[in-house]
Amino acid sequence: MHNNYYFLRILSTHLRQILMYARLKQCFSQEKDELVLGFERQNGDDFYIKCSLGPQFSSLQFPDSFHRAGRNSIDLFSDLLLAEVQEVEMYENERAFGIHFLGNYVLVFKLFGNRANLILYRDGEYDSQFQKRLKKDDELALNSISRSIDQSFEALQAADGEYFPLFPTLGKEGQAWLAAQGYENLHLKDRWALLQKMLQILDEGTFYVVSTPKGIGFTLFPPSSDPLFQTTDPIAALNQFYVLHYSVGEFTREKRQIQEGLERNLAKSQLYLQELQKQKVIRETNVPFEEIGNILMAFLHLIPEGESKVVLDDFYRNQPITIKLNSTLSPAANAENYYRKGKNFSKELAHWEENIARKQQEIAEIQQRIASLESVETRKGLKPFLALATDKKSTEELPFKQFEIEGWVIWVGKNAKNNDLLTLKYAKKQDIWLHARDVSGSHVIVRNPQNKTVPAFVIEKAASLAAYFSKRQTESLCPVIVTSKKYVRKTKDLLPGMVIVDREEEVVLVKPELWN
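The sequence shown begins at 1 in UniProt numbering and counts up by one.
Since the hints were made in silico from the structure, they are not lab data.
Glycine is no exception: its CB is placed at the ideal position from the N, C-alpha and C atoms.
Be aware that one or more of the hints could be misleading.
For lysine-lysine, the following DSS-like pairs were computed, each having C-alpha atoms within a straight-line distance of at most 30 Å [to be verified]: (1) Lys-278 <-> Lys-268; (2) Lys-428 <-> Lys-268; (3) Lys-414 <-> Lys-452.
Here are the computed distance ranges between Cβ atoms for each label pair [stated by the list, open to error]: (4) Asn-72 <-> Ala-350: 57 to 67 Å; (5) Glu-250 <-> Glu-125: 35 to 45 Å; (6) Ser-152 <-> Glu-84: 45 to 55 Å; (7) Glu-475 <-> Asp-502: 47 to 57 Å; (8) Glu-250 <-> Arg-68: 22 to 32 Å; (9) Glu-260 <-> Arg-68: 21 to 31 Å; (10) Arg-68 <-> Arg-264: 39 to 49 Å; (11) Lys-490 <-> Ala-371: 34 to 44 Å; (12) Arg-264 <-> Ile-149: 20 to 30 Å.
Using the sequences provided together with the hints, build the complete structure.
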């Protein structure tokens, strides 16, 4: 509530007592989103207002002294320098007040949360503003800031007991207080009585700085637990709130963000592990590829050419088995295909087990970090956790489409120039390069930083992406070139996206598919 109308109404009255006939001696900025005003009061004392007006946090602070930096400091609102304060005006039913200066200037403190700003008016017309990013502030008419609202019992009656049309500046705290008192369950007269009680509390002028799950809070309502700070001085209240926000509050916020990041990473790792284990079980319980190859070889004479599937006798289990075939290959070639898959399966299984062990270790480490975070009580103690809570994938925003399967990362180019960037700048020689054959399309890279054998199912998945992001996207099957990136080069005469493939290691026939 530090920018709430009811608090600003009390603060502006207090400022009026301090600033009447004071002169503005300094008005400058030396930090982003921060403005300092230095006044000389009639008794010769200095009085400073520090305005922090950022998009994430905005507040006023009143330091006893302020030392201006010798460099990187800029004067603002120069027309006001040495001008005398004539009045401090609180605008009716709005989160804004204005300081009137001699010369018919008004400096409006518009404290609208993340849209807070200081706006200067001269002769009632807009002159300039501090935060240039708030483009529409130059359209705010000075005579339209105050809002005259009928807040009588009759007005409440006309609004069917709804308080918001009468008191639009209550804020979340006021609304929460009314809800806690059971406002919605009361009859009209009791609602009116409760509103009067609330206004009395707001007018009492006792301010509380409190700790909340989201950080440091500021309220005019008596808190349910002991406050961190309590006072009837609005300036002391804001100063203490500001200090605690950047010490305790920022620590609480950062700790919460780190914990949420760790929990998010934990959930992703656990989900990934479940998927790995599920896929491993599926592969292990399926009929082995070698046995399918043997069945095909045993019944070659029964398999017609050009079939996409065939039902044969599974002599291992004494039951029929339906076997998928590549209709463009001969029955013998299909059998060879299954034998090849069988050879790769043991490697894939080892890779799965390695991934499962790695994920289990990763989950244990994250759980340990979450437990260790609980005991941290200082911002310095949070530093070791900052990098750990960051999603590794987000540390580097790559300009390509990115996919992942079983721990293997796949990059897909977005256009011709992007294909060149992917293949020639980002891909390494040990990576696998794929492209739909004889048509234009995206370059696809399977990252292989440790130069391992890439499992066949990963190649097939990457190939399906290469087919999907090509001119053959709508075809039922698409041939895709698969080779090592070291066999791909480009000469200066080639157009963007065009390359020379010195050696096609393999051509796979796949269905174009976009998968996640």
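Hint by hint, which ones does this structure get wrong, listed from lowest number up?
6, 7, 9, 11, 12
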